Every structure is written in structure tokens, then in C-alpha cells.
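K.L.:
Residues per chain are reported as follows:
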Amino acid sequence: MRFHIYQVVISVISAIMIYQGVTNYIKGKNNPTLLKLLARIAVWGSMALITIFPNISNVAAKIIGIEGNINAVILIGFIFVFLMMFKLLSAIERLEQDLSIVTRNDALKRINEEEK
Amino acid sequence: MDSVEKSRIFVVIPAFNEEGAIQAVINEVCGAGYENIIVVDDGSSDGTYSKAKQAGAVALGHKINRGKGAATKTGIEAAKLLGADIIVTMDGDGQHDPNDIERLIEPIMKKECDVVLGTRLKNTKGMPWHKILANHVANFFTWYLFGLWVTDSQSGFRAYSRHAAEVINTRADRYEYDSQVIREIYIYKLKYKEIPIAVRYTEYSMGKIQKQGVMNGFKTLYKMVWSLLF
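Top line first, the protein sequences correspond to chains C and P. Residue numbers are given in this note's numbering: position 29 of the first sequence equals residue 466, and the series is strictly consecutive. Residue numbers are given in this note's numbering: position 62 of the second sequence equals residue 71, and the series is strictly consecutive.
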């Protein structure tokens with residue numbers, strides 16, 4: 438099996454990213470969660486797998502039912518990006534609401550104290 | 010005005026950078042006979058808070074800007090804590106006429122309904138055409154998404170009974186708040202009434218950049234759809 442340079446570069450980057458994710462999870466750095474770790478492994482792992490074994494994308498294409506392995510990879514990529522966007526928007530929305538509640542409680546503090 | 014004492018009627022005014030108008034608004038509300046005024050300064054960078062305090066209102070301050078809806082909700086919570094039986098909300102730029110408050114609270118006093126919505130579209134005299142158009146669009150989307158047709162879904166001049174203020178609990182922070190209230194009226198089957206109100210579009214109120222523009226309109230619509238989905 439002959440490796441191209443891009444395969445080596447992407448594999449090394451993927452390995453570093455996965456290693457970093459695992460060590461962060463073990464050390465408890467940057468609010469790690471199992472979900473975050475699994476997402477990182479899934480993204481970088483599949484990128485490395487597709488780079489090293491390009492034929493895997495044919496399997497994905499067959500499973501999805503799309504002709505052409507590149508189209509299947511792009512579709513999976515899009516779905517993943519949309520899922521991430523949705524998760525980010527939900528998180529932002531939640532944070533915004535929490536921020537409003539904290540701001541409101543702070544504004545009402547004076548009245549609450551007077552009521553006591 | 011028999012069933013509810015005036016001391017239990019509270020006027021809530023959310024304000025953001027309204028230094029130039031807030032004192033006049035407070036004085037007008039006092040002049041109309043309502044002394045319980047709560048001004049919620051929504052993180053203004055000018056002297057809105059101190060001017061409101063000087064004018065004799067209960068001034069509350071958001072440390073950061075959270076939007077008209079969030080400020081209104083803070084004011085309503087404050088009014089509830091202070092023992093309000095009827096809560097009136099109105100804008101801080103002077104576009105609403107405090108003399109309309111009496112007509113606005115009358116149906117609640119008579120126990121005919123829980124919420125009274127001031128509507129600008131039953132008398133559009135003096136209202137810029139683009140505002141009329143924008144309101145019709147907003148009314149359509151409010152009806153389409155939330156199921157209740159009202160003639161002015163974006164009016165901030167409203168009155169709530171204590172019961173309605175307890176029941177309505179929207180999470181909307183910004184301009185979508187007004188439409189979300191309509192949704193909650195529909196969901197909780199609150200009795201409501203629409204009363205025509207006078208609107209005074211002054212150079213001051215029209216010149217403010219944070220008012221609902223086209224982009225804010227799209228943002229409001231996006232937030233309305235988002236709230237339905239999640």
C-alpha cells in the first residue's frame with residue numbers, strides 16, 4: 438500500500454486532535470464531556486479513515502443510496518455541519534435566556550430586599 | 010375605578026437610551042393620575058436610569074442590554090412584587106399617550122377580560138406608511154405561527170390583570186416578546202380586548218436607531234419560528 442503525502446499529513450493531524458481530546462477528557466480541561474470527546478473522535482477519526490482508506494466512502498455511498506462516493510461524503514459533511522449549527526444555536530439561546538434571568542434577578546434585588 | 014385602588018395599578022416602562030424623553034413620559038403618566046411607575050433601564054449608556062429616578066419612578070437597571078421583552082418582563086415581575094393588581098406597559102419614547110391608560114384598564118376593572126391590547130391600527134392617522142405595512146406583516150406572521158389574529162401584535166401599550174401577569178411567562182427577550190404574549194393569550198385562553206390608542210410619532214421617537222427596522226423584523230420572525238420549534 439503506497440501512501441501519498443496528504444494522507445500522512447491528515448492522519449497525523451487527526452491523531453494529534455484525537456490525542457488532545459482524550460488527554461483533555463482525562464485531565465478534565467475545558468469542561469470536557471463524553472459527548473464532546475465522542476464527537477471529536479467521530480469527526481477526526483472518520484476524516485483519517487477516509488484519507489487512509491478512500492474506498493470506505495464507497496460503502497457510505499452504498500448505505501445512503503447516493504451514486505458517487507464524493508457526493509456521499511459531502512452530504513454526510515453537510516448533515517454534520519447542520520447538526521453542529523443546531524447544537525450551537527440551542528446553546529446560545531439557552532445562554533441568552535440564562536443571562537436575562539441573571540440580569541433580571543440582579544435588577545430586582547433591591548425590591549426583593551425591601552420586601553424582606 | 011372602583012374594584013381596584015389606583016395604588017395597585019402599576020405602569021411599567023422599559024427604556025433603552027431614553028434620557029431625552031423619559032422624564033417627560035413619567036411626568037405625563039403622573040399627570041394622568043398614576044403614581045406607581047416602574048422604569049426598567051435596559052443597560053442604557055446614557056442617563057436614563059438617573060433621570061427616571063429623579064422624576065420619581067421606581068428605577069430598576071439591567072446591567073447589560075437584554076432587549077425590550079426582557080426589560081418589560083423585569084418591570085412586570087417588579088410590579089408583582091410590589092403588589093400590583095393591574096399592570097400597564099408602555100414605551101419610554103413618548104409615543105403613547107398616558108391619557109389612554111384609563112380606557113385601557115377599564116375592561117380589566119370591570120372584569121371583562123385579563124389582557125387589553127392597545128391597537129394603533131384602528132386609527133392610523135399620523136402613522137408612517139411603512140409602520141402600517143410592517144405591522145400588517147407582523148400581524149400576519151403572529152396569526153400564522155401563533156394562531157390568534159389581533160390588529161396590532163407589536164403594540165407595547167397593554168394592560169394585564171394580576172392573573173394574566175402570573176400566567177404569561179414568555180422567554181422572549183427582544184421585540185418578539187409582544188407576539189409571544191399573543192401566543193400565550195391564545196394558549197392559556199385568556200380573555201382579551203383591543204382598544205384603539207393614539208400614537209405620537211415624534212422626530213425623537215422616529216430617529217431612534219434601535220427601533221424595529223427591516224433587519225430587526227427578520228430577527229423577530231426568526232425568533233418567533235425558533236420558539237415554536239424548540
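Hints were generated in silico from the structure; no laboratory data involved. Incorrect hints may appear among the rest.
Claimed, not checked - Label-pair ranges, simulated between beta-carbon atoms:
| id | chain 1 | residue 1 | chain 2 | residue 2 | range |
| --- | --- | --- | --- | --- | --- |
| 1 | C | Lys-464 | P | Val-234 | 46 to 52 Å |
| 2 | P | Ala-33 | C | Gly-465 | 55 to 61 Å |
| 3 | P | Asn-225 | C | Lys-473 | 33 to 39 Å |
| 4 | C | Leu-532 | P | Gly-29 | 29 to 35 Å |
| 5 | P | Gly-156 | C | Gln-534 | 22 to 28 Å |
Note that the structure is a prediction, hence the values are computed from the model and not measured. Ideal Cβ positions, reconstructed from N, Cα and C, are used throughout, including at glycine.
K.L.:
Each of the hints needs a verdict: does it hold here or not?
P.N.:
Hint-by-hint comparison with the structure:
The given range of 46 to 52 Å is broken by C:Lys-464 and P:Val-234, whose C-beta atoms sit roughly 41 Å from each other. About 56 Å separates the C-beta atoms of P:Ala-33 and C:Gly-465, a value consistent with the hinted range of 55 to 61 Å. At about 34 Å, the beta-carbon gap between P:Asn-225 and C:Lys-473 stays in the expected band of 33 to 39 Å. At roughly 33 Å, the beta-carbon separation of C:Leu-532 and P:Gly-29 lies within the given 29 to 35 Å, and the hint holds.
Distance hint for P:Gly-156 and C:Gln-534: a CB-CB separation of about 23 Å, consistent with the stated range 22 to 28 Å.
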